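**Q** Read top to bottom, the protein sequences are chains D and V. Under this note's numbering, read the first sequence as residues 1 to 299, first letter to last. Under this note's numbering, read the second sequence as residues 1 to 499, first letter to last.
Just so you know, the hints here were simulated from the structure itself, not pulled from any lab data. These figures come from a predicted structure and were not determined experimentally. Glycine included, C-beta positions come from ideal geometry on N, C-alpha and C. Mixed in with the good hints, there may be bad ones.
Only pairs whose alpha carbons sit at most 30 Å apart, straight line, appear in this in silico BS3-like list of lysine-lysine [what the hints assert, rightly or not]: (1) D:K269 - V:K288; (2) D:K155 - D:K36; (3) V:K288 - D:K239; (4) D:K239 - V:K289; (5) V:K289 - D:K269; (6) D:K36 - D:K111; (7) V:K313 - D:K276; (8) D:K36 - D:K110; (9) D:K36 - V:K171; (10) D:K183 - D:K239; (11) D:K239 - D:K258; (12) V:K313 - D:K269; (13) D:K188 - D:K132; (14) D:K276 - V:K289; (15) D:K258 - D:K110; (16) D:K183 - D:K155; (17) V:K288 - D:K276; (18) D:K111 - D:K239; (19) D:K183 - D:K110; (20) D:K155 - D:K188; (21) D:K276 - D:K147; (22) D:K269 - D:K258; (23) D:K188 - D:K110; (24) D:K132 - D:K110; (25) D:K258 - D:K132; (26) D:K183 - D:K132; (27) D:K147 - D:K183.
Rough simulated footprint, nothing fancy, chain D against chain V, three-plus residues with beta-carbon under 8 Å [what the hints assert, rightly or not]: (28) 174-184; (29) 215-224; (30) 395-406.
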Amino acid sequence: MVAEVVPNAVPYEIVTRTDFSDVTYLLEVLEPDMAKAAHPGQFVMVMSHAEGERIPLTIADFDRERGTITLVVQAIGKTTREMQRDLIQGAHLYAMVGPMGIPSHIEGVKKVICVGGGLGVAPVYPQARAFKEAGAYVIGVIGFRNKDLVFWEDKFESVCDEFIICSDDGSVGIKGLVTEGIKIALEKHDDVDEVIAIGPPIMMRACSQFTQPYGVHTVVSLNPIMVDGTGMCGGCRVKVDGRTRFACVDGPDFDAHKVDFDDLMARLKRFREQEKQVLDRWEQGCRIPEAPTMSTPGA
Amino acid sequence: MAKKKTIRTIPQDRTPMQEQVPEIRARNFAEVSLGYELAAAVRESERCLMCPDEPCIRGCPVGINIPGFIAKIGEKDFHGAYDVLTDTTLLPAICGRVCPQETQCEGVCTVGESLESVAIGRLERFVGDMAIAEGWSAVPYIEPNELRVGIIGSGPSGMACAADMAKAGCKVTVFEAFQQPGGVLRYGIPEFRLPNEVVDAEIAKVARLGVTFRMNALVGRLFTIEQMLTDMGFDAVFVGTGAGTPVFMDIAGESLSGVVSANELLTRINLMQARDFPAHDTPLGLGKKVAVIGAGNTAMDALRVSLRLGADKVMCVYRRGHEEAPARAEELHHAEQEGIEFHWLTNPLAILDDGNGNVRGMLCQRMELGEPDKSGRRRPVPVEGSDFELECDTVVYAIGTNANPILGQTSSLALTDRGYIVANDSLATSIDGVFAGGDIVTGAATVIEAMGAGRTAAAAMKRYLGLRDSTLPYAPAERASSLFGLAPEQRNFVRVQVA
Ligand SMILES: Cc1cc2nc3c(=O)[nH]c(=O)nc-3n(C[C@H](O)[C@H](O)[C@H](O)COP(=O)(O)OP(=O)(O)OC[C@H]3O[C@@H](n4cnc5c(N)ncnc54)[C@H](O)[C@@H]3O)c2cc1C
Ligand SMILES: Cc1cc2nc3c(=O)[nH]c(=O)nc-3n(C[C@H](O)[C@H](O)[C@H](O)COP(=O)(O)OP(=O)(O)OC[C@H]3O[C@@H](n4cnc5c(N)ncnc54)[C@H](O)[C@@H]3O)c2cc1C
Ligand code: SF4
Ligand code: SF4
Ligand code: FES
Chain D
1 MVAEVVPNAV PYEIVTRTDF SDVTYLLEVL EPDMAKAAHP GQFVMVMSHA
51 EGERIPLTIA DFDRERGTIT LVVQAIGKTT REMQRDLIQG AHLYAMVGPM
101 GIPSHIEGVK KVICVGGGLG VAPVYPQARA FKEAGAYVIG VIGFRNKDLV
151 FWEDKFESVC DEFIICSDDG SVGIKGLVTE GIKIALEKHD DVDEVIAIGP
201 PIMMRACSQF TQPYGVHTVV SLNPIMVDGT GMCGGCRVKV DGRTRFACVD
251 GPDFDAHKVD FDDLMARLKR FREQEKQVLD RWEQGCRIPE APTMSTPGA
Chain V
1 MAKKKTIRTI PQDRTPMQEQ VPEIRARNFA EVSLGYELAA AVRESERCLM
51 CPDEPCIRGC PVGINIPGFI AKIGEKDFHG AYDVLTDTTL LPAICGRVCP
101 QETQCEGVCT VGESLESVAI GRLERFVGDM AIAEGWSAVP YIEPNELRVG
151 IIGSGPSGMA CAADMAKAGC KVTVFEAFQQ PGGVLRYGIP EFRLPNEVVD
201 AEIAKVARLG VTFRMNALVG RLFTIEQMLT DMGFDAVFVG TGAGTPVFMD
251 IAGESLSGVV SANELLTRIN LMQARDFPAH DTPLGLGKKV AVIGAGNTAM
301 DALRVSLRLG ADKVMCVYRR GHEEAPARAE ELHHAEQEGI EFHWLTNPLA
351 ILDDGNGNVR GMLCQRMELG EPDKSGRRRP VPVEGSDFEL ECDTVVYAIG
401 TNANPILGQT SSLALTDRGY IVANDSLATS IDGVFAGGDI VTGAATVIEA
451 MGAGRTAAAA MKRYLGLRDS TLPYAPAERA SSLFGLAPEQ RNFVRVQVA
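All chains should be modelled from the sequences, with the hints used to inform the complete structure.
**A** Quick look at the structure:
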C-alpha cells in the first residue's frame, strides 16, 4: 500500500559481510548520506525486514569515500541471528535510520584510555581513531573471553600509542578482565584525562567502579532497550545522577560515575520471556509465512 | 430551495451511527464506529438550519464551510460536498473521525442549543470515506516551477504544508524519521479509531500531487536544517516534527519492568504490529491488570488498546474529575461502555515492586477539587490520610509530552524555554526561509489544528518565495464556490484538469 506510493530512496545494500566468529559478524552498508553525517559515538536503528524489530546498533566505522556504514553485530537473539542468516553480501536492509545520539566529545582530551570489552571493541574503535586524529595520546585496552573471539586487534592497535589486550583465560595478552589493563595504564600514567569504556553493562559497571577512586573522568555508552531511537517512546530511559534521561537523544554517552547500572541491568531484562519465546519459535523453524496483515477478528 | 427550515421542522433526533457492540469490539481492533449509510447522511443533513451567521464555521479551527458541504449532501451532490470540504481541509476522512467536535464545530451549533447538535463530524467522515471509496481526489493541473521545498515530519501539519506547496508548483520532499508516514495518525491513534487504510489513502492523495516521501530520514542528525537550505538546495523548509517526548512523574518505581509510556505501548502496537507478536518480532509485555495514568485521548487509546489485547482489568487513574478529563467526549463514552474502570480524583504516589523488579501495584492518594488553577480547571488537592494501594501489574503513563530535543540540539532555531520552536503569526521561525507548525510550536494539540498550521505556513512560504497567492490560505469569505479543491485565489494562474 504505502510502500508503492512511497518507495525508499535508499536501498541500504550490504556491500561487505565478514564473520569474525560463529556469533560475531560485520556488515558494511551502503548509505552515502549517513556516511557523510556519522560521528564517533553514534548509532543507527535497523530493521532487517518489514515484520522485524527495530534494533539499535552502534556505528563501528564509517567510510565517507565509499559511502558506507559498518556495523558489528553479535548474534544473541532472534533478530540478530536471523540477520546473521539472511544478510549476506548484496542483501538489503528494510530500514536504517541515523546517525542517532549525541556524538562523543573528542576535543580537548590530551590522554585517553579507550576500553572495549568483547563486542564493545567495535563501537569504541571510531572514538579511538578520532582521539588519535585530534592529536591525543591514545591507550587502547581491549578484552575478550578467549583468543578465538578476538577481532580488529590490528585495526585498533594502529590508532593507539599504547595497546593492551586482555583475555579471561590468558590465551591471548594478559590474563584478566579489562580492569587489569586499565590498572596497568593508570599506574603508568598519572595524567589520563578520560577513560571511555564500552561493552556489556557488567563490564562498564566494573570499569566505572574501578576508575572512581582514581578520580578519572569516565564515559560509558549505554545500551538500554530502544524502540524508535528518536526520543518519542521513553523506553530507553536510564537513571543518571538521579534524573531520568533518554539514552537515544540525551546519550548514549554518559558520565559513568553518575549512572545507575543496576537500574539499566534490570530494565534490560524487561522482555526476557518474550525474547526466549520468539527465539524458540524461530529455531523450530516455524516462521509462518506472513498472511497479509489487518487481522480484524470479529469484523 | 425549499421553504426555510426551523428548529421545529427538522428531524429532532440526531441520526444514530452504527457501532460495533461494546462486548464484541472490546476484543477486536476493527473500527468501533461504522459511519453513516447514504440515507442516514442525507437525513442528518436535513437537520442543519443553514444559519446565516454560521457559528459552526467559527468553531472549526480551519473554518470549513460547514453549511455549504452539508447543503450539497442534502442535494445528494456528494462530489460537490467533497469539493467544498477540500477547499479547506486535506483530511476529511480523518478529522471527521478524530476531531473533538463537541468543543469545536458542534459545540457552537445552533441546533445544539435546543436539541442535539448537527453531527458535523459524522457527515464530514461520510463524505471523506466516499471520496476514498470512489477514488476522488482534488488533483489540480499543476504549473511546475523551479522551487524546492523540504518538509520535516509527515504528520498532519507536514502533509498539509506539502500538499499546498505541491499545488503551487514546487518540488516537495517530505522527510520522515520512521519507516512509514503519518506521524501520530500512524503510530499513536489506534486502528479501531482510525484504520491505517484511511491514513494510507489520505497520504496517497498527497503523493499523487507529486510529493516525494523519503522515509528513515532523521533530520538534524542525517543532515541539518541549515544544510537543507545550503548544500541541499531547498528554497524553504517547514518543520512539523510534533511534540513526542513522553513525560514521567519521577516517582518511586518508575523504572520497574511493566512501566511504560503510552507512546511506547501505542508505537509497539500500531507501528511495529506488536499485537501480532510473535509473527511480528516486536514484543509488548502487557500484563493482565493495567493502570493508565491520565485521561486525555492518549490515555483513552492506551486503555482501550490494553483491553483489546486481553487484559482482564483496565483502570484509568486521573487526579481530577470526570468533568475535567481532556479526552474527546465520544472516546470517554466508548471507554466507559467497553468496561474501563475509572478512578477519578486519584493521584499515584509510587509504583510498588513485587520483589523481582516487576510492578505489584500503585500507591495512590484520593484528591478533592479546590480553587480553579491557571488552566481554569479546579485544582486537585490531596485528601489527608487517604492513601491506598491499587493492584496492577502494568502502569502506563499518559500525562502529556514535551518537545523533542533533536532539532534544538542540531540547529540554531530559537526555542521557547520549554523547548518548543518559536514562530510568529505566519509561522516563520528565527531562521530565514524556515517555517514551523503543529505540536512542535503549540505543544500537544489536535489533528485539525496541526493541519491548519501546515496550511498557514504554506501561505507564508508562498509569500516568502514570491509565488502568487492571497494572504490567507483559506479565507472564509472566499470559500463560496469550489473547483476541484482549489482555493479561488489559486485558480487565476492555473488550468484545471479533471483527474
Ligand atoms: C545504543 C545501542 C547500541 C548497540 N550497539 C550494538 C552493536 O553495535 N552490536 C550489537 O551486536 N549489539 C548492539 N546493541 C544491542 C543490540 O541492539 C541487541 O543485541 C539487539 O537488539 C538484540 O536483539 P535480538 O532480537 O537479537 O535479541 P533479543 O533476544 O531480543 O534480546 C537479547 C538482549 O538484547 C537486548 N535487547 C533486545 N531488544 C533490544 C532493543 N530493541 N534495543 C536494545 N537492546 C535490546 C536485551 O538486553 C535482551 O535481553 C546496542 C544497543 C544499544 C541500545
Ligand atoms: C495517542 C494520541 C491520540 C490522539 N488523539 C487525537 C484525537 O482523537 N483527535 C485529535 O484531534 N488529536 C489527537 N491527538 C493529537 C494529534 O494527533 C496531534 O496534535 C497531531 O498529530 C500533531 O500533528 P503534527 O503534524 O504536529 O505532528 P505529528 O503527528 O506528531 O508528526 C510528526 C512527525 O515528524 C516526525 N519527526 C519528528 N522529528 C523528526 C526529525 N528530526 N526528522 C524527521 N522526522 C521527524 C515524527 O516521526 C512524526 O512522524 C492524539 C495524539 C496522540 C499521541
Ligand atoms: S475539521 Fe473538525 S472542527 Fe472542523 S468541521 Fe470538521 S470535524 Fe468540525
Ligand atoms: S450552526 Fe449547526 S445548524 Fe447552523 S449552519 Fe452550522 S451546522 Fe448548520
Ligand atoms: S528509544 Fe524511544 S525514546 Fe529513546
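**Q** If a hint holds in the structure, say so; if it does not, say that too.
**A** Status of each hint after checking the structure:
no. : hint            : in the structure
1   : D:K269 - V:K288 : holds (19 Å)
2   : D:K155 - D:K36  : holds (21 Å)
3   : V:K288 - D:K239 : holds (27 Å)
4   : D:K239 - V:K289 : holds (26 Å)
5   : V:K289 - D:K269 : holds (20 Å)
6   : D:K36 - D:K111  : holds (27 Å)
7   : V:K313 - D:K276 : holds (26 Å)
8   : D:K36 - D:K110  : holds (26 Å)
9   : D:K36 - V:K171  : holds (24 Å)
10  : D:K183 - D:K239 : holds (27 Å)
11  : D:K239 - D:K258 : holds (8 Å)
12  : V:K313 - D:K269 : holds (25 Å)
13  : D:K188 - D:K132 : holds (19 Å)
14  : D:K276 - V:K289 : holds (23 Å)
15  : D:K258 - D:K110 : holds (23 Å)
16  : D:K183 - D:K155 : holds (23 Å)
17  : V:K288 - D:K276 : holds (20 Å)
18  : D:K111 - D:K239 : holds (28 Å)
19  : D:K183 - D:K110 : holds (19 Å)
20  : D:K155 - D:K188 : holds (24 Å)
21  : D:K276 - D:K147 : holds (29 Å)
22  : D:K269 - D:K258 : holds (21 Å)
23  : D:K188 - D:K110 : holds (16 Å)
24  : D:K132 - D:K110 : holds (10 Å)
25  : D:K258 - D:K132 : holds (27 Å)
26  : D:K183 - D:K132 : holds (21 Å)
27  : D:K147 - D:K183 : holds (21 Å)
28  : 174-184         : holds (count 5)
29  : 215-224         : holds (count 7)
30  : 395-406         : holds (count 4)
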